[in-house]
Amino acid sequence: MENVTFEPLPLDWEREYCVQYRETDFAFIERLAAEEGWYYYFKHDVVSHELCFAHQRWSSPIWGSLRYIGTMLNANDNRALKKSGHFYGMFC
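Using the working numbering, the first residue of the sequence shown is number 1152, and each one after it goes up by one.
Since the hints were derived computationally from the structure, they do not count as laboratory data.
Glycine included, each C-beta is placed from N, C-alpha and C at the ideal position.
Straight-line alpha carbon distances no greater than 25 angstroms define the calculated SDA-like cross-link-like pairs of lysine to any residue that follow:
no. : residue 1 : residue 2
1   : K1194     : R1182
2   : K1194     : N1154
3   : K1194     : A1178
4   : K1194     : A1205
5   : K1194     : F1204
6   : K1194     : I1180
7   : K1194     : D1176
8   : K1194     : E1181
9   : K1194     : V1155
10  : K1194     : T1156
11  : K1194     : T1175
12  : K1194     : L1183
Restraint-style ranges between C-beta atoms, simulated for each label pair:
no. : residue 1 : residue 2 : range
13  : E1165     : V1198     : 33 to 43 angstroms
14  : D1176     : D1196     : 19 to 29 angstroms
15  : E1201     : T1175     : 18 to 28 angstroms
Start from the sequences, fold in the hints, and give me the full structure.
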């Protein structure tokens, strides 16, 4: 991925040793982010896509809220977050 942004991260961050083994590059980065308490989000544009890492919640833009539809509710509404197996996805 070409476009990666790191929002203000702690200056004292240092990792002694880390190995990527039998996992995709994305799974590796996702694991490191989870261990360090970082989170990531994507900025999508007509021209490019950018992966952004942040350490504080207020670093990310505010998107509003999504409705979650469980199995007993109106599952035909396509404007909500739905559960499919153990993955959550947005269906538009």
